[in-house]
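Based on the sequences and whatever the hints tell you, model everything.
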Amino acid sequence: MQRRFLLAILLLAALSVFLVGCGGDDNPVTPTQQYGSVSGTVTFVGNWPATGEVQISIWPSWPPAGPPSAATLPIASTATYNYKIEGLNRGTYKAITAGWRDPANPAGARVLGIYINDPNNSGVSIDTGTGRPIYATPVAIEISDAKMDHTGLNLKADFAFAP
Amino acid sequence: MTKVIAMTKVFTKPGAIAGVVLLSSLWCGAWAQPAGNGTAARAGEIHGRVLDAEKQVPLAWVNVVVEGTSLGTATGTDGSFVISGVPEGEYRLILSRLGYEALAVPNLVLAAGQRLAREFYLRESYLEGDEITVTAARKEQTAHMAPASVATLDALQIRQRNVTTFDQALASTQGISVFRSAGTTVQSVSIRGSSDVAGGGVGNRVLLLIDGRPALTSDSGGALWSLVPLNFVDRIEIVKGAFSSLYGSTAMGGVVNVITRRPNYARKTHVEASYGFYELPPAGLRHTDTPGTLSALAFNHSGRYKRVSYLLNLSRKQSDGFRERSAYEFYDLYSKLLVDFRQNRNFEVSVGGTLSKNDYPHTWLSNLQPFRVAPHFQDNRQVKRALNADFYYWAVPTARVKYGSRFYFYRNAARSYFNENDPFQQIPRNEPYGLHTIVDADKFGNLTQVDWQVSESHDLILGLDAQIDHVVSSPDSIMYGDQQVNNFAVYAQDEVRVTPRLTLTTGARLDYNILVGGKRQNQVSPKIGLVYHLSEHASLRGLAGQAFRAPSIAERFFRKEISGGTSFVPNPNLQAERVNSFEVGGRSQFGTWLDIDLALFHYRYRDMIYWVSLPQQPGQFEPLFQVRNLNRALMQGVEVGANFYLQRRLRLRAGYTYLDAVDRSADRTDDLLAYRVRHALTFGGTLSWKKYELNLDGRYNGRVEEVFLYPNDEPKAYWLLNTKLVAGLMKGASVSLSCNNLLNSQYEELARYRMPGRHWIAGMSYEF
Numbered sequence: 001m002q003r004r005f006l007l008a009i010l011l012l013a014a015l016s017v018f019l020v021g022c023g024g025d026d027n028p029v030t031p032t033q034q035y036g037s038v039s040g041t042v043t044f045v046g047n048w049p050a051t052g053e054v055q056i057s058i059w060p061s062w063p064p065a066g067p068p069s070a071a072t073l074p075i076a077s078t079a080t081y082n083y084k085i086e087g088l089n090r091g092t093y094k095a096i097t098a099g100w101r102d103p104a105n106p107a108g109a110r111v112l113g114i115y116i117n118d119p120n121n122s123g124v125s126i127d128t129g130t131g132r133p134i135y136a137t138p139v140a141i142e143i144s145d146a147k148m149d150h151t152g153l154n155l156k157a158d159f160a161f162a163p
Numbered sequence: 001m002t003k004v005i006a007m008t009k010v011f012t013k014p015g016a017i018a019g020v021v022l023l024s025s026l027w028c029g030a031w032a033q034p035a036g037n038g039t040a041a042r043a044g045e046i047h048g049r050v051l052d053a054e055k056q057v058p059l060a061w062v063n064v065v066v067e068g069t070s071l072g073t074a075t076g077t078d079g080s081f082v083i084s085g086v087p088e089g090e091y092r093l094i095l096s097r098l099g100y101e102a103l104a105v106p107n108l109v110l111a112a113g114q115r116l117a118r119e120f121y122l123r124e125s126y127l128e129g130d131e132i133t134v135t136a137a138r139k140e141q142t143a144h145m146a147p148a149s150v151a152t153l154d155a156l157q158i159r160q161r162n163v164t165t166f167d168q169a170l171a172s173t174q175g176i177s178v179f180r181s182a183g184t185t186v187q188s189v190s191i192r193g194s195s196d197v198a199g200g201g202v203g204n205r206v207l208l209l210i211d212g213r214p215a216l217t218s219d220s221g222g223a224l225w226s227l228v229p230l231n232f233v234d235r236i237e238i239v240k241g242a243f244s245s246l247y248g249s250t251a252m253g254g255v256v257n258v259i260t261r262r263p264n265y266a267r268k269t270h271v272e273a274s275y276g277f278y279e280l281p282p283a284g285l286r287h288t289d290t291p292g293t294l295s296a297l298a299f300n301h302s303g304r305y306k307r308v309s310y311l312l313n314l315s316r317k318q319s320d321g322f323r324e325r326s327a328y329e330f331y332d333l334y335s336k337l338l339v340d341f342r343q344n345r346n347f348e349v350s351v352g353g354t355l356s357k358n359d360y361p362h363t364w365l366s367n368l369q370p371f372r373v374a375p376h377f378q379d380n381r382q383v384k385r386a387l388n389a390d391f392y393y394w395a396v397p398t399a400r401v402k403y404g405s406r407f408y409f410y411r412n413a414a415r416s417y418f419n420e421n422d423p424f425q426q427i428p429r430n431e432p433y434g435l436h437t438i439v440d441a442d443k444f445g446n447l448t449q450v451d452w453q454v455s456e457s458h459d460l461i462l463g464l465d466a467q468i469d470h471v472v473s474s475p476d477s478i479m480y481g482d483q484q485v486n487n488f489a490v491y492a493q494d495e496v497r498v499t500p501r502l503t504l505t506t507g508a509r510l511d512y513n514i515l516v517g518g519k520r521q522n523q524v525s526p527k528i529g530l531v532y533h534l535s536e537h538a539s540l541r542g543l544a545g546q547a548f549r550a551p552s553i554a555e556r557f558f559r560k561e562i563s564g565g566t567s568f569v570p571n572p573n574l575q576a577e578r579v580n581s582f583e584v585g586g587r588s589q590f591g592t593w594l595d596i597d598l599a600l601f602h603y604r605y606r607d608m609i610y611w612v613s614l615p616q617q618p619g620q621f622e623p624l625f626q627v628r629n630l631n632r633a634l635m636q637g638v639e640v641g642a643n644f645y646l647q648r649r650l651r652l653r654a655g656y657t658y659l660d661a662v663d664r665s666a667d668r669t670d671d672l673l674a675y676r677v678r679h680a681l682t683f684g685g686t687l688s689w690k691k692y693e694l695n696l697d698g699r700y701n702g703r704v705e706e707v708f709l710y711p712n713d714e715p716k717a718y719w720l721l722n723t724k725l726v727a728g729l730m731k732g733a734s735v736s737l738s739c740n741n742l743l744n745s746q747y748e749e750l751a752r753y754r755m756p757g758r759h760w761i762a763g764m765s766y767e768f
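Chains L and R are the protein sequences, given in the same order. The working numbering numbers the first residue of the first sequence as 1 and each following residue consecutively. The working numbering numbers the first residue of the second sequence as 1 and each following residue consecutively.
Since the hints were derived computationally from the structure, they do not count as laboratory data. Please read these numbers as outputs of a predicted model, since none were measured by experiment. No residue lacks a Cβ here, since even glycine has one placed at the ideal position from N, Cα and C. Careful: at least some of the hints might be erroneous.
Which residues of chain L face chain R? A partial, calculated answer using Cβ under 7 Å [unchecked claim]:
1) E53
2) G66
3) S69
4) T72
5) P74
6) G129
7) G131
Here's what the structure looks like:
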């Protein structure tokens, strides 16, 4: 009798978990409170190439050892562009870049500018000996509870470094 | 003492306590002797057949003893037995077998010269320590006798849990981590942190066996999880630790052995259907206003015609997906024939095939849109066809010798289609229009083994293992080209019961691995194991062994991962990686209500195969990697598990694994290895009451501290709870209601692949 009573109690308790737990809770999440963002203005100099696309990307490592953490959508031809990249987890991001790439030849991507806390300097130069680009050390961004949203991260993008 | 119950078609009265289950039942053989005296002419015979009470399949090697006499025998492979020379009288028959509750049949009255025929049914023991395992030593033993940590999942537990795919069955098992990217795509299964998560099964260090034969893809070395015929699983055995001494390459973290059911002797048909839906994601994350659905349909039939038993299974699973581009459609055909052409000589043929069509799994669009994928990934998909065949002959010619040989074949044909809908490249970043990759991976193998009981306390196993892996793939600029690897091995294992309490197991295996036109490698994998029985239901164990993994064809030759844009420099000279494995543990059973298992493990990896990011040319922003023998790693920890039973009505279980996994390479950038979970907890319970069964199944995974490709997007810790309620309607029929992810956790197993939220499934099952 006691065993049946115990089983009945257990069954009721388990059913309660089943029914209560499965109750609807369509609470909308507030993702902006969970994630950080970076934003700023990109100033483009030079002529936009006829092909390819330009994006602003934020990188978890530098030089890149994998895909970017996030990127803007491709940008249409413009002189300046106010970018904002949201939904970033807490952590250290090693670089923000403006880049050009040709979808038909992804391996031929080019960096047009790096955020180095100097809007008048793209952070990219050409080695006169090898003809290859040289990059300045980018400024890392720390997204943490102390500062989730970083604004005013302005950079210069120079189409001289695109093909 | 073993509890003895009575359960035959004739006798149902519970019996009393009887003798001890004979542990080496395989070898008990035909020791029955007729009385052979002057009364033989008047003596009778007891004929019988012993079956599993639930599965209705014959049970071989059941010890049958006429209590109070020296008469007895063991059943043959068809479950039958004959005891001759039984004088007239009233007897009690005792039937016992490993993994089953012993059965006492009282009041068996035999008249002079009478031939008595009966059928007997044994019930599987519900105590985990009493469950049979064949994987730890390639022979039958209980978990108490195994020198390693063993977990088993039987057909009943699989049915009670809300499991529709094999990976779901494993996900809530203690010490196992499953990393999935979509509905049918298992990227990695890890035992105590063994495997890497590198996509497509690359870096897999868990050996999947189906009925003892390896089921790994020839290209990546990943496990063929989709080939497991879930509706025909008898039990799944998970043995943790290094087992290359018996199984060769890949058995570094452990072995998952899927034992499929034998065909039923009685004709049986089973139909199962289910339908469900995914709840919509929370409002801020929603990608659609229409809930995705999922459904499954399975039909199977088994029976016997003369000496041939057969089974056939057809099933289909389908889902619209719970996020963008996560739909799948999966068809499975599996069949098995068993020919008992002579007593104790069997021939088994299994043939299976699967077809799966699914959207290509891609990472999320962003943290803020975790159920969407980028526009240029919207028209990518995969089609996979798999075929497998197994031909197995085995015989028990004498009471002390068993031998078997099997030939098997797998074909895994995968096609991935990219950018099928954008001929004018209007969507930026699309791959070239119509690009598709082709992989045809074949595996041929033979496994031959002889089991010889040298004496009552000495068992010897000798085996040969040959495998040929052949892969044809294209285009060469992305895939591996045409490659072949041959592997030949011999192995031996010696088990000696040094004293009645102490069993010593030693073994070694020699593997010879040849990349055709390339590198040749030898591997020696030794092991030593000890089990000390403190009592009948308590044992201590220790295991030391070395295991290895030969590099896969993908790791040697892969060139480009399309969706992430990662490029690779081939490395045909990659060497095998190795692990030295040490484990001590103990298992104890307290009455019939509790058993506890504790294990401490310490694994030292060297020459670990790992992806290395190569220095890039200035201006190059496509990630560039090479697979190298780079790492030395240490993985160690503790695992504790407990099961609580209230007879067969209530079973509660809980397990906790602590894993400390660190990179010990000379030039490491940090101490952490990617995708190792430090704290993992599994828990659950099943309550059976009258015609109802309620199952709760949960797990907690600590946060992933390091990922491979997406730093700062490491999956966070999560709790997951699944439930299933089953109600029996009439004989053979039941309905069920399941709720998966009851807490509606928003979680990832792999960085940037959001997993499904709460979803509901209603099902029905009918057997006739």
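Consistency of the hints with the structure:
Here the hint on E53 (chain L) is kept, as its CB sits about 5 Å from the closest CB of chain R, short of 7 Å. For G66 (chain L), the interface hint holds, the least distance from its beta-carbon to any beta-carbon of chain R being 4 Å, beneath 7 Å. Checking S69 (chain L) against chain R: minimum C-beta separation of about 6 Å stays under 7 Å; hint holds. Among the interface hints, the one on T72 (chain L) is violated; its C-beta lies about 11 Å from the nearest C-beta in chain R, farther than the 7 Å criterion.
At a threshold of 7 Å, the smallest CB-CB gap from P74 (chain L) to chain R is about 5 Å, leaving the interface hint in force. Residue-level restraint check for G129 (chain L) is violated (minimum Cβ-Cβ distance to chain R is 12 Å; threshold 7 Å). Checking G131 (chain L) against chain R: minimum C-beta separation of about 10 Å lies over 7 Å; hint violated.
Going down the numbered hints, you'll see the structure goes against 4, 6, 7, while the others check out.
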